[in-house]
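Both chains are sitting in their own frames, so use the hints and assemble them into the complex.
Spelled out, the chains give:
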Amino acid sequence: MSRLATIWAIFQGLLLEALPFLLIGVLIAGLARWIAPGGRWLQRLPSQPLLAPLTGAALGFALPACECGNVPVARRLLAGGAPLGSALGFLFAAPVLNPIVLASTWAAFPDQPWLLAARPLAALVLALALSALLQQWPESQLLEPALLEERRLSQPLAEVGLLERRSGLVGASPAAAPPPQERPSLATVLEHSSREFLDLAGLLVLGSALAAVVQTLLPRTWLLAVGGAPTISVLSLMLMAVVVSVCSSVDAFLALGFAAQITPGALLAFLVLGPVVDLKLLGLFGVVLKPRAIALTAAGACVVVLLIGQWVNLWLL
Amino acid sequence: MGEPVAALIRPLALALWGAVLLVSTLTGRLELLLRGVFHPLVGLSGVVLLAIALQQALQGRRERRWNRSWALSGLLAIAVLLLPPNPSFSDLASNRNSDLGSEVELDFLLPPGQRSLTDWVRLLRSQPDPQLYNGDPVRISGFVLTQPEGPPQLGRLLVRCCLADATPIGLPVRWPAGFQPQTDQWLAIEGTMGLERIAGQERSVVLPDRIRPIARPARPLEP
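Order-wise, the sequence lines are chains F and P. Counting from 195, one number per residue, gives the positions in the first sequence under our numbering. Counting from 194, one number per residue, gives the positions in the second sequence under our numbering.
In isolation and in its complexed conformation, chain P is listed as follows (with noise of 0.2 Å):
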């Protein structure tokens, strides 16, 4: 058994690689890790991967001996196949500061009960008057972000180019009495958008009158 596996260590390495690399893209495990723009190269780099792999693997010309460093890689491949991604989300935040940048100029406003989360950070970031908003409906989706300080939030991550710069947001919510978040559970919220006040000034907060537990999104990372 050993032998086989030896003399053909270079196009199964190679090809676990490119099943890697292609599973991740097809199962949409990518939404998790990439921004969009990057997928179709990393399927891509897939396939042309596992057509080496094949080619080596017809061409015959096998391994003399044990090359341990690939086998290694190879089996790493393998656990990444197994155990697909699923990062803590509110660890992931705790990690970073919550900042928009220069980009909080909208261009066009949706009407509030189809603004999603982040729209709705993004709207209060750049016009921050928060009788403007009362009484606003809220139809909105997040995870529950806990807070260094106060109660938690419910929060997205915002990503430019991959997990590593995941960009929490949060707004604020009035958790009715007995209801008790989990951080990092993923929660559907229906509501209206009301006032409060936090060391002597006013913010928006979200007034839920419906809290749904969902799954995680197919997409949880905004752009």
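Isolated chain F, as found in the complex (with noise of 0.2 Å):
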């Protein structure tokens, strides 16, 4: 009975410190939507690989939301028919490129300057690493069906057939840019972002739940207990960031109470995986990819983080 009690209060503590982002995120992506109803200048952001997931993760700079605020953005940002590499770029870098995060980390470690330096350069290698990875598929292998058929619609005629927009009309120029959209009201857009809050506040609520089970039921300790060696010390602290599911603006804080007992690398694998790849986050990912989209960023984030890891354990122990 304890144990439930527990898992409750770990559950309600996730998620009261998850939601206020959501919202700001939620937020943040309406306005973009009442400011720039067309999105064009969405659609001129750079699509070259490797200018396209820079840009996007430094847009990570403007939005000071954690990873639960960026999905809405991000969803924003491909709805609006931004480069693929952009938004990718963006949603996997911009959770630990953002002024909260990297505040939150310098406040957490100000002795060990070498990590301020490090988390944001390792997620920048990791978000260009994934973004080439998805780009090796085509969208519509990619994108959730009902995000993809919105990005039709901003795209243009150019790039997209009719047949694949499901609308338009046969004949019409292919150069013929769609006429300019109108403003929506505002009450339109709080409409809309109040529909975009609740359908990702119930992916956060399960992945939350997921999260406090997992953690409650396994042993921290048994995470612990290999912090000096090389190697296991990156793995298990990779699954610790799975499993622990806190925010990027926080996970800093929970990081120092275990710092000094796992190497260096294991401690930038924990800070630069947790923001991409967790528990909580798993719903969350479902409105913008498609589940094997899904699995390929958790497989390829893996990889990378653990490469990281290890190779700042060679160059720093």
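Keep in mind that the hints are not guaranteed to be accurate.
Rough simulated footprint, nothing fancy, chain F against chain P, three-plus residues with beta-carbon under 8 Å [claimed, not checked]:
id : segment
1  : 223-233
2  : 239-248
3  : 355-362
If you want the ones that stay clear, here's a sample from chain P, every Cβ over 10 Å from chain F, calculated [unchecked claim]:
id : residue
4  : A206
5  : P278
6  : L317
7  : I404
What the simulated footprint calls covered on chain F by chain P, stretch by stretch (three residues with Cβ under 8 Å from a Cβ of chain P suffice, anywhere in the stretch; the number is not a length) [unchecked claim]:
id : segment
8  : 207-213
9  : 394-400
Note that these hints are calculated values from the structure, not bench results. All residues carry an ideal CB built from backbone N, CA and C; glycine is no exception.
Laid out in structure tokens, this is it:
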């Protein structure tokens, strides 16, 4: 019975910490919809393999949200017709490359300046790698079907066939730009944002419940028992990041609790993997990516973070 | 009854989640869950959600059909409102390593009688010479923390961000004969610091003169 009470409390802790950030993300996405209704500027973002994810990652500095708040914004970027690389770069790098997360990392580890440089750098490398990996597949195999349909309406006719778009006029000139969209009323934007918030909150509830159950039943001491071994410590802290599922805006404070017991590579792996892959995010990613793309992201992220952690241990130990 | 609720399900679910955030902030439930620096953000988000819910209800654009996931999430919000968090502190502690990290340097030292349990643990870690504290008066409170080996200690949980990172700390207590400390029970202890020898090593132990059961404090987690 006491186990259940503990699970219930951890569930509430994770959920109440994440909901405000989810709300911030949804409101930012709504604001973007209101300010730039057609999202033309989104379509003008670079689409080159390297520049696109870098631009997406840089957008993180303008949007102070953790990974929960990032998902609705990334969805908005994709729905508005932003190049896939830019949106993926944003989705994977912005949870770390933003002012709040960098400030909290610095506040938690003021005596470890290498970490302040290594965390954003590693997050950028991870975002570039994941973006390159996912772009090996066509968009239709990666993106969630409803999002794909919305996205095709925003893309120029030259890029999308009428059959794919499922609307439009047969015989219209492919070069003709769609008429500029009118600015939606604030009430319409709020209605859309409130739907999005409730949809995502439902998924967040599922993720938080899963994370609370797993971390109550899995003894934390097992994960930290291998703190000193270079490879195993990286792997165990990666598993811990996935299970614990706290937002990137606070994970540095959590890491402070066990930083002294583990290798530097494992510490970095925890701080870089958590914002991209964790149990709480599994459901949220479902509104952007298909299950197969989520699995690819998780597998790719684990390999890249393991390599980064190993390399840091070779360099610092 | 069903139709009007279905039509208003969106503002209703939003209002319920807004109420969860606001009630948790105002009633001090967050003290059990999150570090203080995040409390204003949670409360403010609750107000924003309630305002959006009100605006959406007044706008009068009704939902045409039931949305089951919103209804379920609304029910869960009611459950969160009705069932406040009440974790077992020993359960949380048993799952985690007791480690203070590098945070053992003390900026200043309070007189012995004013030191909290956390102050004592930090002091004993930074200057681990039990002879220094022998005979010092002790007035501390904490919960009964079961140990894998040996008698239970008096413990506290330290939290840096949220309940997920609660770290247990404990002080050994020489419990009086016949006193059975109950796991998770909160106790206030007055007494002195003494010495005991465990596996050939001397360590500090609390020798209680007076043990008093107390209610869980309003702010049970220490930073």
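Comparing the hints with the structure gives:
no.	hint	result
1	223-233	holds (count 6)
2	239-248	holds (count 5)
3	355-362	holds (count 5)
4	A206	5 Å, violated
5	P278	4 Å, violated
6	L317	17 Å, holds
7	I404	23 Å, holds
8	207-213	holds (count 6)
9	394-400	holds (count 3)
Of the hints listed earlier, those the structure fails to meet are numbers 4 and 5, in rising order.
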